[in-house]
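Novice: The chain contents come next:
Protein chains: 2
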Amino acid sequence: MINVSVPIDRLAPYRDKIESSLASALAEFSEPNCLYEPVHYLFEAGGKRVRPVLTMLACEAVGGNPDHAVHAAIAVELLHNFTLVHDDIMDSSAKRRGRDTVHVKWNTSTAILAGDVMMGMAMRLLLRSAAHAERPLDVVDAFSTGLIDVCDGQALDMEFMLRNDVLPEEYFMMIERKTARLLEMSVAIGASIGNATREQRSALQTFAREIGIAFQMQDDYLDAFGSETFGKVRGGDIMEGKRTWLMIETCARVESDINALDEHRRIVETFRSGEPLSADNVNTVISMMKQYGVDTDATTVVEQRTMIAFSQLHTLAPSDARDGLETLARSLMGRTH
Amino acid sequence: MINVSVPIDRLAPYRDKIESSLASALAEFSEPNCLYEPVHYLFEAGGKRVRPVLTMLACEAVGGNPDHAVHAAIAVELLHNFTLVHDDIMDSSAKRRGRDTVHVKWNTSTAILAGDVMMGMAMRLLLRSAAHAERPLDVVDAFSTGLIDVCDGQALDMEFMLRNDVLPEEYFMMIERKTARLLEMSVAIGASIGNATREQRSALQTFAREIGIAFQMQDDYLDAFGSETFGKVRGGDIMEGKRTWLMIETCARVESDINALDEHRRIVETFRSGEPLSADNVNTVISMMKQYGVDTDATTVVEQRTMIAFSQLHTLAPSDARDGLETLARSLMGRTH
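Sequence lines, in order, name chains E and R. Per my numbering: the first sequence = residues 3 to 339. Per my numbering: the second sequence = residues 3 to 339.
It is worth saying that the hints were derived from the structure and are not from the lab. Certain hints may be false.
No copy is singled out in the list; a pair is fine if it fits within one copy or between any two copies.
[What the hints assert, rightly or not] Here are the computed lysine to aspartate or glutamate pairs in the DMTMM-like style, where the Cα-Cα straight-line distance is at most 25 Å:
#1 107 <-> 151
#2 244 <-> 167
#3 107 <-> 225
#4 244 <-> 33
#5 107 <-> 161
#6 50 <-> 251
#7 107 <-> 93
#8 292 <-> 167
#9 107 <-> 90
#10 19 <-> 46
#11 244 <-> 271
#12 19 <-> 225
#13 292 <-> 322
#14 19 <-> 305
#15 292 <-> 264
#16 292 <-> 172
#17 244 <-> 257
Can you build the whole structure from these sequences, using the hints too?
Specialist: Below, the structure written as structure tokens:
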């Protein structure tokens with residue numbers, strides 16, 4: 003785990019700029035009301051705006067004007083929220099950021115269509131920033147790749163829930179697409195608008211991808227080992243039968259241990275069968291994870307991935323924006339402190 | 003109605019090119035199988051490929067190389083099919099082109115995600131063609147506008163089903179967005195790839211938009227007055243309570259007629275209330291439409307819109323591609339013959 007607690011105020015000007023530009027951009031879309039009301043509702047709920055800040059910082063870190071990237075940054079946030087609206091339908095999630103999800107507050111048709119139109123809005127806004135780039139089609143290309151990858155990742159996630167033989171490396175492939183590639187896309191777009199060299203863009207992409215994987219691994223770790231102060235029930239992933247690296251790896255280690263306890267074997271069988279685990283099982287699963295060292299191995303993966311990410315940043319010339327990227331990554335990873 | 007029956011063979015080379023390029027493009031997308039299998043299934047069912055042919059012809063008609071537009075043409079077809087997959091969920095349609103719809107054959111989540119990824123695939127393919135254009139961002143801009151408009155149109159269509167006071171001009175606004183703008187987008191993209199002048203592009207857009215409106219009006223007309231040889235039940239729209247121009251206009255004329263028959267008034271009240279009309283009512287509704295001259299007025303609108311469309315074509319220099327656009331429009335409008 004990252005143990006450094008840093009102030010994040012230096013990012014406030016970027017967030018402010020994003021919020022005001024987002025409000026202006028959304029105001030361009032109001033009719034038909036039945037379509038755009040859910041879109042406005044979504045953004046009223048706020049959010050950390052991690053991805054759009056990444057876009058602006060990446061642009062600035064390669065020597066570009068971050069204001070040129072602000073519409074692309076909003077496009078990235080629209081894409082992110084599009085995935086949330088559609089994922090919430092697929093996952094039958096009733097709440098998001100403490101409020102009713104769109105398909106619950108309105109209906110499934112409205113949520114499908116609101117997501118779809120957000121993609122169109124995102125493309126239109128993206129073009130305003132792309133026009134500043136020397137190679138504008140690179141900007142749009144990164145966006146389309148992000149969209150394809152995030153759909154691939156969501157499809158894998160849904161497929162894995164129906165499979166009992168998901169491998170650890172498949173888990174990494176899934177979170178890379180579902181979580182990390184949107185962060186990678188966010189910096190790739192900013193870098194292209196800032197006319198980055200190939201090396202700069204590549205370094206930023208590796209940085210964002212590795213932070214994304216580290217973040218998702220840590221999120222999974224905290225589900226089992228974190229405190230319960232983040233509005234999540236401890237062991238929620240375990241009870242939902244999620245195919246996290248922690249669970250997959252723990253099951254594999256139990257199965258290859260000839261001295262494994264019967265109780266542990268039964269839990270692994272239940273998990274493999276796709277049956278839900280009860281709240282009573284959560285503490286046993288957590289002690290299994292500890293016994294087989296999966297908890298410390300997960301921590302090691304998080305640390306390694308984070309180190310790779312930061313090492314990429316150091317290939318860029320020093321700048322406030324580069325420091326901002328590091329600040330943002332640390333605040334993402336250090337949220338337990 | 004258009005009474006001219008013309009051979010459409012001259013368009014076969016464009017369709018062949020589109021089919022072979024579509025097959026190659028789809029082959030680039032195969033994993034995860036659970037996501038792309040439904041996409042491949044959709045395109046196996048074939049289709050008239052009207053929109054991609056429009057894109058290639060528009061490019062050629064302004065002096066461009068139609069081969070440069072082929073990937074954009076496929077993108078347009080992907081966008082069209084994306085709308086069909088999502089609309090079928092919203093409309094709870096079980097069949098499409100004689101086969102199970104994606105959400106019926108798989109499930110709603112798969113259909114949502116397959117539609118979403120098709121949008122990403124479309125964007126990626128679009129860029130290959132956009133790279134040939136002098137102003138590549140115009141190509142992407144037309145695409146994003148098409149996506150936004152078609153979502154707006156679908157939202158209006160759903161909203162109108164819940165309203166009892168839809169006006170005739172609102173109907174035109176809805177079909178313009180839901181049906182006509184995708185045709186308009188198809189030619190706008192082709193024109194931009196062919197480096198059209200502003201006047202050429204504008205003429206092509208008006209041509210496609212007017213043909214789109216004429217086509218939708220004719221489709222509505224044929225639902226009530228056509229033969230039953232097209233796989234549709236006569237009066238299907240009437241029984242579904244669709245807010246077509248024919249129904250809206252008929253109701254308005256009955257309501258403003260102080261001598262209207264009680265039977266007619268009762269039908270109008272039922273329609274206004276949103277209650278379904280029975281199969282027994284269909285013939286009465288059709289005779290109402292005739293009595294109030296709505297049938298001949300609809301025919302007049304179709305003819306006027308079609309004439310406006312063709313007059314736009316004549317502002318372009320004569321070419322095989324211009325003739326091809328006329329052929330395509332005639333085959334679209336003349337399908338009863």
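Novice: Each of the hints needs a verdict: does it hold here or not?
Specialist: Hints, one by one, checked against the model:
no. : hint        : in the structure
1   : 107 <-> 151 : between (28 Å within a copy, 24 Å between copies)
2   : 244 <-> 167 : within (13 Å within a copy, 49 Å between copies)
3   : 107 <-> 225 : neither (28 Å within a copy, 35 Å between copies)
4   : 244 <-> 33  : between (40 Å within a copy, 21 Å between copies)
5   : 107 <-> 161 : between (28 Å within a copy, 16 Å between copies)
6   : 50 <-> 251  : neither (31 Å within a copy, 50 Å between copies)
7   : 107 <-> 93  : both (15 Å within a copy, 19 Å between copies)
8   : 292 <-> 167 : within (22 Å within a copy, 65 Å between copies)
9   : 107 <-> 90  : both (12 Å within a copy, 22 Å between copies)
10  : 19 <-> 46   : within (16 Å within a copy, 47 Å between copies)
11  : 244 <-> 271 : within (14 Å within a copy, 53 Å between copies)
12  : 19 <-> 225  : neither (33 Å within a copy, 52 Å between copies)
13  : 292 <-> 322 : neither (41 Å within a copy, 74 Å between copies)
14  : 19 <-> 305  : neither (32 Å within a copy, 52 Å between copies)
15  : 292 <-> 264 : within (17 Å within a copy, 80 Å between copies)
16  : 292 <-> 172 : within (22 Å within a copy, 64 Å between copies)
17  : 244 <-> 257 : within (18 Å within a copy, 60 Å between copies)
In the structure shown, a violation is registered for the earlier hints numbered 3, 6, 12, 13, 14, in ascending order.
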